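All chains should be built: construct the whole structure from the sequences, respecting the hints.
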Amino acid sequence: MEQSSADIKMGRFLSLVLRHNPGAAGITLDEHGWADVQALLDGVNRTGRCLDMETLERIVRENNKQRYAFSEDHTRIRANQGHSLQVDVELRQAVPPQLLYHGTAARFFPSIQREGIRRMSRQYVHLSETFQTAMDVGRRHGAPLVITLDAAAMARDGIPFFRAENGVWLCEQVPTQYFLKRQD
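Residue numbers (the working numbering): 1 to 184.
Just so you know, the hints here were simulated from the structure itself, not pulled from any lab data. Be aware that a few hints might be false.
Quick list of simulated restraints, FRET-style, between CB atoms [to be verified]:
hint, residue 1, residue 2, range
1, 73, 158, 36 to 44 Å
2, 2, 177, 35 to 43 Å
3, 97, 73, 18 to 26 Å
4, 143, 93, 21 to 29 Å
5, 136, 72, 36 to 44 Å
Keep in mind that this is a model prediction, so the values were computed, not measured. Glycine included, C-beta positions come from ideal geometry on N, C-alpha and C.
Pasting the structure below:
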């Protein structure tokens with residue numbers, strides 16, 4: 001199902017609040033990134049936006065990137081990954097597939113080629129299981145570039161991987177020796 005433009009816009013605001021700046025809605029996150037749902041609804045509405053539980057549940061359910069998760073009783077909500085804030089979203093270490101992909105903008109490749117893939121302002125580097133997903137990520141930042149990575153070799157060499165609830169693979173960095181090819 002295609003999300004409405006209003007839901008996409010609200011989803012972007014929720015991403016800001018739940019991943020980077022909870023103060024934008026006047027709320028706080030606990031150490032695991034959870035926010036109280038009622039406090040979130042009240043806070044978003046105080047900003048002049050209109051959000052009710054039905055809309056929030058729809059946004060969480062229909063978000064194509066599965067960015068958010070509710071607690072079992074739907075009283076708490078958090079972003080699954082992508083935080084610039086220091087939170088512990090209770091990721092479990094996992095064994096990655098042989099290959100993973102990193103999507104970025106082609107203009108960043110000279111720096112990436114020198115320094116590897118770094119997490120920048122986020123807690124982790126985000127990696128995709130499919131080339132197409134990585135291409136879509138790269139396209140958001142300009143002319144896309146996808147770097148194919150030898151994830152199995154990284155894991156053998158002791159680099160820990162985590163898999164977020166939404167299927168995004170995470171690690172702290174990707175040194176250049178694990179780059180297999182680039183495609184733009």
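Right, here's what the structure says about each hint:
Separation of residue 73 from residue 158 is about 39 Å and conforms to the stated range, judged on CB atoms against 36 to 44 Å. Here the CB-CB span from residue 2 to residue 177 is close to 41 Å, well matched to the stated 35 to 43 Å. Between residue 97 and residue 73 the beta carbon distance is about 34 Å. The supplied range of 18 to 26 Å is therefore violated. Between residue 143 and residue 93 the beta carbons are some 34 Å apart, a value that contradicts the proposed interval 21 to 29 Å.
At about 31 Å, the CB distance of residue 136 to residue 72 disagrees with the hint of 36 to 44 Å.
In terms of the numbered hints stated before, the structure departs from hints 3, 4, 5, listed from lowest to highest.
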